[in-house]
Amino acid sequence: MSWISTIIFLPVVFLVIILLLPSRFREWYRYITLGTAILQAGIACIIYLRFDQAGSDGFQFLEKVPWIHLSLGNLGRLEIDYFLGVDGLSAPLLILSAVVMVAAAISSWEIKENMKGYFALFLLMDAAIMGVFCALDFFLFYVFYELMLLPLYFLIGMWGGPRREYAALKFFLYTLFGSVFMLLVIVGLYFSVTDPVSGAYTFNMLHMMDAANFVPGAVFSPEVVQTILGVPARLLGFAVIFIAFAIKVPVVPLHTWLPDAHVEAPTPISIILAGLLLKIGGYGILRICFGIFPDSALYFSWFIGMLGVISILYGALNALAMKDLKKLIAYSSVSHMGFVLLGFASFTTEGTSGALLQMVSHGILSTMLFFLVGVLYNRVHDRFIPNFRGLASHMPHYTAFVMVAFFASLGLPGFSAFIAEAFTLIGTFNSQSVNGLLPRWMAIAGSLGILLSAAYFLWTLQRMFFGTTRFRGGEAWSKQLIDLRPHEWAVLLPMALLTLMLGIFPSLFFDLSNSALANMVQELFETGKRHLDSLQYTNNLRF
Amino acid sequence: MKELLPHIEKGVQEVLGSLGLFLPELLLGGLFLVLILNDLVLGKRYKNSSPLIAFLGILLITGLTLTQFEHADTVFFGGMLHLTTFALLLKVLFGVGMLFVIAFSVRDFPIRHNEKGWGEFFSLLAAVLLGLNLMAMAGNLLMVLLSIEMVSICSYILVGYTTRERLPAESAMKYVLFGAVCSAVMLYGISLLYGLTGSLQLNGDFAARLADADTLAVGLAVFATLAGFGFKLSMFPLHFWVPDVYEGSTNSVLAFLSTLPKAAGAGILIQFMHASYGFDWAVWLAVLSIITMTLGNFQALWQDNLKRMLGYSSIGHSGFLLMGLAAFSQTGEKAVFYYLVIYTLANIGAFVIIGLLASILHSENVNSYKGLGFKMPVVSVCFVILLMSLIGIPPAGGFVAKFLVFSAAYEAFTVNGSALFILMLIAGAVNTVVALFYYLKIPLQLFLRKSEGIVVMARQHLLLKAVIVTLTALTIFLGIFPEVVMRYFEG
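First to last, the protein sequences are chains A and B.
For my numbering, count along the first sequence from 1 and bump the result up by 363.
For my numbering, count along the second sequence from 1 and bump the result up by 726.
Heads up, some of the hints might be wrong.
[Said to hold, decoys possible] Derived EDC-like pairs: lysine to aspartate or glutamate, alpha-carbon spacing no greater than 20 Å straight-line:
no.	chain 1	residue 1	chain 2	residue 2
1	B	K1167	A	D745
2	A	K427	B	E1178
3	B	K1096	A	E390
4	B	K1176	A	E390
5	B	K1191	B	D1030
6	B	K1176	A	E476
7	A	K475	A	D558
8	B	K1096	A	D573
9	A	K892	A	D573
10	B	K900	B	D799
11	A	K427	A	E528
12	B	K900	B	D938
13	B	K1096	B	E1209
14	A	K479	A	D558
15	B	K770	B	E846
16	B	K1096	B	D1006
17	B	K1096	B	E1178
18	B	K1101	A	D573
19	B	K1101	B	E1209
20	B	K773	B	E875
21	B	K900	B	E796
Don't read these hints as lab results, they were simulated from the structure.
Nothing here was measured: the structure is a model prediction, and the numbers come from that model.
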């Protein structure tokens, strides 16, 4: 039994079942979806338990089936494989995906219209997201990556808020803009890399990561500087793929789709956008950009770190100014994802581990935060901060979870985000002395971001939850604003426990990823350094 | 006189020997006659006999074509026709495409309820298929002219078949005028080529003599000849007829017009390129490709009429085809063929849907589709998938097609190192995003907007739905297993 294929294609099977069930069984759709998500979470547990933690840096649960093999005449053969596997980098994210999917499936109870369409699209997107994290063939990765777009377009556009059309289109255009150019680089890469065994051109990402497999003289070969339109090809290739994923992360200034999409999307889709889609960006940057172009990553590391710092501060300052609670959380996502970029750019094991944990932790916390906003919005159809006051005495359980989520997000010790941000900042701080890539002030600027996040979260807490109870909607709202229902507990309690657990026993996570990441960072830095020295780019971007 | 006898004998022998290879075309000619006779005899009493005979006949002939693969790469009728693998594949594509067009025409309102009857319509489809097959195989400049004219004249009549209204008459007239001028220019080019080489055969000798001739004269002659192909391909600057002719034509005619002649144009251009390889095709086609795709896609942005939108978008697709052709390699040809297959399937599908919706809504404006996705879910979902294929989003076949074309262009770049190819690739990427922008108008109206008025649902169109679902399924299937098509190129 191949677990990875099962976790990817299980939703597709149930999707077909949903499509075939007549709509008088429409109440079943949500149970089928929830069941799928729970089954996936079960498989994720199996993967977690069976994952060889002590072991090698290699990939596990590998599956490889030849898919498209075409002869290209005198140029040899084209090889595309159905090639899946996980390592210490993708396994935590795969498990996170399964967990967030369960939360999103429960929160989909609020969907009342066109349920067949909604749940079919939901499951399609579910399959695509799982696939992205497991694909080890670049072509397959791209197929899953693009396959996510269309379901999301409809999920935002059909079940979203008032400005949903604009938000959905903007999201689609931004992502496609990045990914179409990425396709060009993929084509170039595939003409540069051959399979060491069969000698055919290949999309195998593992082969792409090994400099020995590059065809001498090919455009992306790390041996000699090749140029495209006067720009060194490897730098250009890195930049193009980086921009594609930076749009997803999102990195300021490519973030403007995010506040629209997250705010307009219905709660479950906001959860998936913030909890998983942003992680795909981070995963892509580390796995693909850094993995295939380590030299360019080193070359641009100062710049990437700077973008991280800008995202942290800009996102936090924006969040401070927001009156819409959902928008505030959306901007806080921008700020928190900035740490991921900063950690990656530091090229230290601490920084990278911290960044990966930050992704997992943010996945859990943003699920909680968006779900909490959804709870409020579903009751009174309003989420403007000034319209609420003194919720703490009115909805005490709700407030308790809000406080957990807020304090965890602002980096209170004991919660996952604290460990993540601390490790990221340690890595950044050490970078100057270990490898000289990032200056120390970037770590200081990053910690300023934590301070700002404390400011906006605590200020929101004070404005909305403390003081005498007063609502804009008066008596009517007081009646509607009842405390948490059982299914809401079912989402919030496990998430709160999870963030607490990761905060107290971070080894649950570090054991999974550490050996792989430590090897990876070391190797990336060394090969990158070697190529960078041999390539000798004329002007250096480090300031 | 006596000494000529062996030659005559030899000639007769060759003609007789070639007849076996020409069997599908002979049968198509026979089918054309049978359809005309049938219209006179049975057509009045059994209305559906014409399409039925046409469908079965073309099905049979396409099956027959499939058996010809063992004879690939033969030259017959004294060099008039070249049966290359590419030509054979195109012939199969024409046959299959035509089957879908016939199935669509049976339920296309303006054709079915034409006061002239519809027997001639189907006989014309058989005739135009014959012309297309000849175009794919043409190995002599006279055959090039003859086959292009045959396809053109049949197309003029098809476009003007429903001339009771003003718009079809106008667009047929425009089409005829534009086509006639293009043919005349092409004829002029051919005469220049004959003058330069002293031969009409498109073979190695022709290419060698062309290489010796003066470059300026060759350039003039080649560009003039290109007019005829460019007209069929709707390539810049010969694309002006497209939106107007599309707007005025019936959907079933359009399903044919937007796909098969374009494929034939690409096929004939490849034949011609092989016989004039000395000419700097790569650069010129790259330039034309960039201009064609950019013009087509950007102009499509402003269209609300779906036929015009798809018209402009088909110009954009021609640009992508030219990208594959500009690569001028085996990879390029394979990519172009796969692109043509996927484009043909998706475009025919799109026009079937537009035709089906037009029969219900009496409108071809995208704004009339508000909220239709909830009333006709199957058709609407198929429409979205076909559009995704046209944009090039996986897992629909359009993605693999676009990917193969990009690969071919990139490979050409690694061979000749011309920055123009990188510009062409960038233009291709930008155009894909632009295409997303206007194609998405349709799903937007279908699913994101709520319907305003009440739509009276006509009776079920089972046949059309079956055609739509089949085309969509094929698009996805070929997207996941492109080898089904591509394996014909192996070995």
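Pair hint A/K475 and A/D558, alpha-carbon separation not exceeding 20 Å:
51 Å, violated
20 Å limit on alpha-carbon distance, applied to hinted pair B/K1096 and A/E390
27 Å, violated
Keeping to a limit of 20 Å between CA atoms, is the pair of B/K1101 and B/E1209 held or broken?
The hint is violated at about 36 Å.
Pairwise hint evaluation, B/E846 against B/K770, where the allowed Cα distance is 20 Å at most:
12 Å, holds
Has the given pair, B/K1176 with A/E390, been kept, meaning a C-alpha gap of at most 20 Å?
23 Å, violated
Going straight from one Cα to the other, do B/K1167 and A/D745 come out at no more than 20 Å?
Between B/K1167 and A/D745 the Cα gap is close to 30 Å, so the pair fails against 20 Å, i.e. violated.
B/K900 and B/D799 were given as a pair; does the straight-line alpha-carbon distance stay at or below 20 Å?
38 Å, violated
Holds or violated: are the alpha carbons of B/K1176 and A/E476 at most 20 Å from each other?
The given pair, whose Cα atoms are some 13 Å apart, holds under the 20 Å limit.
Quick one, are B/K1096 and B/E1178 close enough, alpha carbons at most 20 Å?
7 Å, holds
Is the Cα-Cα distance between A/K427 and B/E1178 20 Å or less?
Since the Cα atoms of A/K427 and B/E1178 sit roughly 51 Å apart, the hinted pair is violated (cutoff 20 Å).
For the pair supplied as a hint, B/K900 and B/E796, confirm whether the alpha-carbon distance does not exceed 20 Å.
Measuring from Cα to Cα gives roughly 43 Å; hence the hint is violated.
Given the hinted pair B/K1096 and B/D1006, is their alpha-carbon gap at most 20 Å?
49 Å, violated
Of the hints listed earlier, those the structure fails to meet are numbers 1, 2, 3, 4, 5, 7, 8, 10, 11, 12, 13, 14, 16, 18, 19, 20, 21, in rising order.
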